[in-house]
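S.K.: Residue strings, one per chain:
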Amino acid sequence: MKKPDTQKDDSVLFVGIDLGTSRSSISASNDKREWIESFVGWPRDFIAQQVVGKPVLFGVEALENRLSLDLCKPLEHGIIKEGIDRSEDAVKEIIRHLIELAEPSKEQKIYAVVGVPSDSLKVNKLAIRKAVAEFVHSLMVVTEPFAVAYGMNLLNNSMVIDVGAGTTDFCIMHGTIPAEEDQKTILAAGDYVDDQLFSYLSEKYPNAKFNKNMVRQFKEKFSFVHETPDEVQVEIPVSGKPVMHDIRNEIQRACESILPAMVETTTEMIAKFDPEFQVKIKNNIVLAGGGSLIKGIADYLQDALKEYGPCKVTCVEDPLFAGSDGALRLAKDMPSKYWETL
Amino acid sequence: MISPFTVKRESKTRESILKGVYEENMKILGKRGSTLARPRPFYIRKVFLTVAVTALAVFLHAQYGSAPFSSESQVTAGLIAQKAASPVVARSSAPPHYPDVSGFKAIMHEPGMPISRIFGLGVKTIMIDPGHGGKDRGTMGKLGTREKVLTLDVAKRLKALLEHDGQGRFRVLLTRDRDVTLPLDERVKMALDKKADLFVSIHFNYIPAKPINIIETYYFGPSSDEKALKLAERENAGSHYGMSDFRQIIEKLGETMKLQESRELAASIQNELFVNMKREDGIVHNYGVRRAPFVVLLGAEVPAVLVEVSCLSNRAEEKRLDTKHYRENIAHYLEAGIIDYMKKGDIGHEKTRYAKR
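Residue numbers (numbering that gives the first Met the number 0), protein chains in the order written: chain A, 0 to 341; chain B, 0 to 356.
Please keep in mind that the hints were generated in silico from the structure rather than gathered at the bench.
Heads up, a few of these hints could be off.
As the list claims (entries may be wrong) - Just a sample of chain B residues kept apart from chain A, beta carbon distances all over 10 Å, derived:
(1) THR12
(2) SER15
(3) LYS18
(4) MET25
(5) ARG170
(6) VAL171
(7) ARG177
(8) LEU191
(9) ARG233
(10) ARG314
(11) HIS331
What the hints assert, rightly or not - To be clear about the criterion: a stretch of chain A counts as covered by chain B if any three or more of its residues have a C-beta under 8 Å from a C-beta of chain B, and this derived list gives those stretches:
(12) 42-49
(13) 133-142
(14) 172-184
(15) 250-260
Said to hold, decoys possible - List time: in silico EDC-like cross-link candidates among lysine to aspartate or glutamate, alpha-carbon distance up to 20 Å:
(16) B:LYS18 <-> A:GLU179
(17) A:LYS331 <-> B:GLU22
(18) B:LYS188 <-> A:ASP44
Backbone N, C-alpha and C fix where the C-beta goes; we use that ideal spot for every residue, glycine too.
Build out the structure end to end from the sequences listed, making use of the hints.
M.R.: Rendered as structure tokens:
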């Protein structure tokens with residue numbers, strides 16, 4: 000087999016970055032792998048700056064200090080809100096921070112592949128390139144589900160469903176780089192589940208005091224569909240006193256709320272292909288993103304799609320890094336002649 | 000076992016996908032993927048650019064290289080070099096980075112080694128802040144002299160002196176040049192925006208209980224002195240922060256460069272002010288350099304001091320302050336303090352200073 004002509008010496012650090020709505024991760028060719036929550040916070044004024052002691056904060060740290068900060072979740076709903084400087088600045092900060100976490104040496108060139116939500120690549124291609132370009136020597140931007148597919152060697156007759164926070168992205172692979180019609184994005188995703196769960200819980204327990212952040216934590220800890228656990232108990236304060244609440248039904252309803260749209264989009268996209276390939280694709284569906292951690296989601300989809308013939312749905316092993324690992328593999332495989340001209 | 004045919008086919012698929020990714024990204028940039036097939040023009044362009052830049056540099060050097068440097072350009076050149084060398088004064092549009100100063104502690108505590116010299120810091124912009132203004136009139140003497148009027152007058156005089164004597168070597172700016180209300184955080188923001196290298200806030204004191212006249216100069220820091228805290232509370236009135244907000248900040252600030260430099264600046268100003276004013280008022284008290292949590296001194300990441308020039312509550316002092324001549328003198332003393340700070344570390348200057356005593 001012909002060896003790819005990429006540079007393999009230490010003068011280049013290859014990085015794969017998954018720029019997500021909720022979490023962003025980096026995988027580098029020096030074996031560093033790091034992730035942060037995609038929150039950026041700037042101190043509100045000079046006093047706040049002295050209190051937090053840093054000019055910019057990320058992830059959990061930013062959330063914890065949110066009262067002193069201007070918080071920004073730059074890729075909310077899967078796209079950068081263009082024209083709002085802070086969103087673009089926030090993307091820059093996240094990229095800068097992630098690259099710092101990968102600890103490149105001073106002399107190393109950085110070649111990066113960045114995976115972004117599909118809609119974001121459609122809407123703000125240039126903005127993303129601009130935000131990333133100043134921290135790397137050469138850069139390629141791809142969609143998240145494509146990066147996952149490439150990393151898992153799902154190059155042909157397969158489908159990746161990336162259930163993120165802001166959007167769920169679908170991507171069908173058929174041996175070439177996916178065209179626009181091979182990709183689709185819907186808004187039924189993690190944030191939608193949070194909103195549903197919040198409204199169900201507010202309805203059922205009107206006296207309980209909780210916020211969106213708590214609801215997200217409940218979801219991340221207990222989410223399930225398909226198989227029903229005996230009970231799901233969480234502690235929520237009522238009039239200042241901690242009280243145990245059963246939220247099993249609400250969790251199930253909220254998690255299931257995104258499934259009909261997912262099933263519909265999957266069948267609709269597969270139906271466009273030649274029937275011979277339809278069978279192959281249906282037997283090669285992979286779920287990625289934070290949503291793939293919902294217990295029983297693969298089985299639920301598999302059951303729902305069985306109506307249209309046999310199918311197989313699996314989940315990626317490491318949803319947090321599947322995108323950045325795939326982007327890193329792309330970066331490493333990319334011939335150096337391509338890097339040099341970008 | 001995977002057949003060699005499958006491996007070859009997969010490798011081909013991969014190659015075509017990689018090419019596809021590359022071409023997509025070229026499209027985003029508005030370039031055509033075909034650039035690859037013609038690498039020479041790019042190379043030639045690069046060579047042409049290099050030659051052009053070199054030629055321009057040689058030409059400019061021939062034009063201006065032999066001309067003698069004026070003192071101003073020396074200062075500017077020095078400052079540029081300092082900016083490149085020093086992580087502390089480096090400023091760019093990027094968010095400021097807070098250097099970890101712990102590593103410098105050893106050299107900073109070396110006696111007789113002025114910090115500004117260690118880092119080669121220079122002063123380019125001086126921001127003078129006339130205290131109070133507009134609706135905030137500050138204190139008022141028994142004869143009706145207002146603090147806000149005095150601070151503005153002295154500040155303007157100080158600005159003129161520094162500009163005249165500095166012969167254009169530094170920029171001197173005022174936070175306000177007329178009688179306007181200006182919140183404390185805006186004053187600080189102004190110092191940050193204008194990239195001030197020194198910040199001097201001018202105030203006049205008022206001690207109702209005693210008819211004494213005192214001079215004191217403050218820099219930001221914790222204070223256990225109740226009077227100093229009260230004064231800070233009074234001067235902080237324009238901000239929405241309370242004393243308790245500062246505890247955390249003070250703990251974090253610790254013994255940073257900024258505080259050490261501020262102390263040096265405060266010492267210079269206090270010394271010049273007291274020595275000279277003693278001649279005008281034999282019984283003026285030297286309350287020295289002190290620390291207190293003034294909002295206006297906190298924000299600027301450069302040496303910042305607050306001078307309480309003298310006491311408006313002292314009737315004789317108020318009468319003196321009413322004369323232009325006296326206010327001009329005060330501006331001279333303040334200028335001398337600032338210049339003294341800027342010259343600290345200059346070996347020749349140290350010698351003349353000690354020889355004077």
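S.K.: Compare the structure with the hints numbered earlier in the document and write down the numbers of the violated ones, lowest to highest.
M.R.: 1, 2, 3, 4, 8 and 15
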